[in-house]
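Student: Sequence:
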Amino acid sequence: MVKRTPVRGERGQILIVTVLSMTVLLGMAALSIDASFMYDRRNLLFAAADAVAKSVAAELQRNSALTSTDARNFANQQVAAHGLVPGACGTTATGVAGVCINPWDAAVSGPFAGVPGYVEATVSEVTPTFFGYVLGFVSATPGGRAVAGISPSPNCLVVLGSALDALSLDDPASLNLHNRCGIADGGGLVLNGGATIVSAGSVVSTAGADCTGVVSPTICYPNSPAPLDPLASLPPPSNPCPPGLPPFAASGPVSITTADLAMYCGGLEIDNAVVTFGPGVYYIGGPVTAKTSTSTVSLLDLGSGVTFFIAAPSGRIDLPEFNDVTLNLRAPDAGPYKGILFYQDRGNTNSAFILNDSGSLTGALYFPGADRLTMKNDPADTSDCMLIVANSVTITNTTNLIRDCAASGGSPVQTITVAE
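Letter by letter, the sequence shown follows residues 1 to 420 in our numbering.
Be careful, since some hints might not be right.
In silico EDC-like links for lysine to aspartate or glutamate, alpha-carbon gap of 16 Å or less [claimed, not checked]:
1. Lys338 x Asp404
2. Lys291 x Asp324
3. Lys376 x Asp357
4. Lys376 x Glu420
Hints in this document: simulated from the structure, not taken from any laboratory.
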């Protein structure tokens, strides 16, 4: 038998192949670590860009004269809150986030280019690699982009208070939510007797734990976060009124314009009167009420739109149920108070009673500081714009809420959303 001697050149091949394979595998693993880190960093930068866009858009809505310096202060605060080091737009310094904000650093691109009120933010950061430098990849620049702006809120009733009965419906009231408008309730929800909330596709979110009386297919989420005031940026009008004016005694047909200060600044005492208001903002410094329990009250506008500002400390709307009340009033379709029908000063805690037996109310009722707004409206009201933002609310009859507000370009109750 002939014994075969191994060829000397074949020795060690497996070792060489193993070393080469391990090098490739380790390289792939190293690049995977770098890629995963960059992906995670990109997610953080996207979150920061979202926060910057929303923050600056909200401040721009509150203050249309916002400067680039002020905007950058808001942006830098949000970037720092995400654990990043904020820097100038376009910076290439390693470990520093470059923050660019429209309209000061770059124009908005995409479908919202040129749309007022929208803000584009990009946040990027030159980030060193862990292992990629072995292959010549010393650093990468992940980044995030977001566009945010004002859009109509999905809610047509926002209850800001935290009381257990912040939102209550008296028996047999029914709150009808049209076109999928929702309710955001910061307190408890009380539906007395046969009172119900009914509407297909609408959402009720309440900070309380009880959704009893919310009828399917309306969806109710208990234990939700309390809502923020969606009209918090709305400034009060300037006061045109001289001090000390008493309530104006209105009887018979009366026409009032914003120039007739003595006829509304101190309030109105209405006795079987039809009061017609010209267009504009009315600064009400006293009570608006009926003279007696049998007095009829009719408040009308000329169709061009009115806003009633209920000033602190004595302004008050008291149109109770035992009077025959007719309200045909619509909010302005343009101007700073577009879509706002009643606006009670945030520091005015007086309760309000708007119990409309017949007629039509078009616009938002804003009573952020009132102890309670007691509300009813003509069930036959066909207005496409009936919204409420108040500290606490009681509904006493079948009332329709709707947020279409086509004439004023959409709901005046708005929210900041990320659009891209």
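Student: State the violated hints by number, sorted upward, taking the hints as numbered earlier in the document.
Tutor: 4
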